[in-house]
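> Take a look at the letters that make up each chain.
There are 2 protein chains.
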Amino acid sequence: MNTIIRHLDDFRWDGVPVLNYKEDGTHFKAISRQVLFAGGPKLGAELRYFEIEPGGHSTLERHDHIHSVMVIRGGGHCLVGDAIHPLGPNDLVYVPSLTWHQFRATGDQPLGFLCLVNVDRDRPERPDDQAVAQLKALPQVGEFIRL
Amino acid sequence: MNTIIRHLDDFRWDGVPVLNYKEDGTHFKAISRQVLFAGGPKLGAELRYFEIEPGGHSTLERHDHIHSVMVIRGGGHCLVGDAIHPLGPNDLVYVPSLTWHQFRATGDQPLGFLCLVNVDRDRPERPDDQAVAQLKALPQVGEFIRL
Numbered sequence: 314m315n316t317i318i319r320h321l322d323d324f325r326w327d328g329v330p331v332l333n334y335k336e337d338g339t340h341f342k343a344i345s346r347q348v349l350f351a352g353g354p355k356l357g358a359e360l361r362y363f364e365i366e367p368g369g370h371s372t373l374e375r376h377d378h379i380h381s382v383m384v385i386r387g388g389g390h391c392l393v394g395d396a397i398h399p400l401g402p403n404d405l406v407y408v409p410s411l412t413w414h415q416f417r418a419t420g421d422q423p424l425g426f427l428c429l430v431n432v433d434r435d436r437p438e439r440p441d442d443q444a445v446a447q448l449k450a451l452p453q454v455g456e457f458i459r460l
Numbered sequence: 314m315n316t317i318i319r320h321l322d323d324f325r326w327d328g329v330p331v332l333n334y335k336e337d338g339t340h341f342k343a344i345s346r347q348v349l350f351a352g353g354p355k356l357g358a359e360l361r362y363f364e365i366e367p368g369g370h371s372t373l374e375r376h377d378h379i380h381s382v383m384v385i386r387g388g389g390h391c392l393v394g395d396a397i398h399p400l401g402p403n404d405l406v407y408v409p410s411l412t413w414h415q416f417r418a419t420g421d422q423p424l425g426f427l428c429l430v431n432v433d434r435d436r437p438e439r440p441d442d443q444a445v446a447q448l449k450a451l452p453q454v455g456e457f458i459r460l
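Going down the list, the protein sequences come from chains D and H. Residues in the first sequence are numbered from 314 upward in steps of one, following this note's numbering. Residues in the second sequence are numbered from 314 upward in steps of one, following this note's numbering.
Errors might be hidden in some of the hints.
Note that the list lumps identical chains together, so a pair holds whenever it fits in one copy or between two copies.
[To be verified] In silico EDC-like pairs for lysine to aspartate or glutamate, Cα to Cα no more than 20 Å straight-line: (1) Lys355 / Asp433; (2) Lys335 / Glu366; (3) Lys355 / Glu438; (4) Lys449 / Asp395; (5) Lys355 / Glu374.
It is worth saying that the hints were derived from the structure and are not from the lab. Small disclaimer: the values here were computed from a predicted structure and weren't measured.
Could you build all of it, start to finish, from the sequences and the hints given here?
Shown next, in the form of structure tokens:
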């Protein structure tokens with residue numbers, strides 16, 4: 314890859330394509346993905362930038378691999394496990410293994426965040442009916458989640 | 314670790330200690346380190362935030378492991394290989410294996426950047442007299458480097 318990748322403006326980078334959030338799937342809304350560092354064995358991890366437009370959200374899911382997240386634009390909220398957290402610039406979010414999580418741009422600004430993951434990772438799992446019922450029974454979580 | 318680590322202000326995070334740049338060594342100036350995500354086998358990589366005060370610099374060094382860097386505060390310049398590059402907010406820097414590199418806060422503002430590395434990595438090597446002579450012979454690089 315190039316030595317320097319210039320930030321152009323507005324959280325876009327020279328030569329870095331703005332991709333669909335996922336290759337397939339429909340359980341998300343108004344979210345894009347840019348791969349900033351593709352990783353590989355020498356790095357061990359991959360760094361992506363996700364941006365959710367106001368009103369949008371990531372997929373409600375869980376997986377064995379962990380997420381290490383840093384907000385770099387705007388704000389919003391996230392569900393991690395059984396709690397909702399407000400998010401602002403430079404806040405860090407740690408999503409442990411097998412923990413339900415969802416990010417939402419709840420206000421009038423986008424929510425842009427870096428997300429660091431292992432290059433070797435399992436596929437996410439979406440909640441089944443029983444898991445949805447359990448999440449909906451939790452205070453605040455029931456109203457927060459988008460399916 | 315905690316689910317949320319709040320950004321306090323001024324690129325400091327709640328409960329994240331501001332550390333010496335290195336455990337030992339003297340070939341750097343006015344630079345601090347904060348470990349934002351310590352990594353471990355499930356993540357594969359570690360995310361650190363380095364901040365160089367105006368006039369300061371990182372160690373001129375190289376190593377087998379690669380650096381993936383994102384500037385998030387201020388600006389400055391870096392040497393990667395045989396070229397000097399200006400740096401501004403959100404610019405990305407890829408430092409390949411065994412490539413001489415040094416970061417400097419060359420202006421009147423700090424240079425703050427995220428640096429992503431493999432959890433398993435080799436120790437950096439400093440240039441010997443021959444390598445210093447080769448670097449000093451390069452246009453611009455000779456005046457840029459700090460030993």
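> State for each hint whether it applies.
Going through the hints against the structure:
no., hint, verdict
1, Lys355 / Asp433, "both (12 Å within a copy, 9 Å between copies)"
2, Lys335 / Glu366, "within (16 Å within a copy, 40 Å between copies)"
3, Lys355 / Glu438, "between (28 Å within a copy, 17 Å between copies)"
4, Lys449 / Asp395, "within (10 Å within a copy, 57 Å between copies)"
5, Lys355 / Glu374, "between (28 Å within a copy, 18 Å between copies)"
Hint check: no violations occur; every hint is consistent with the structure.
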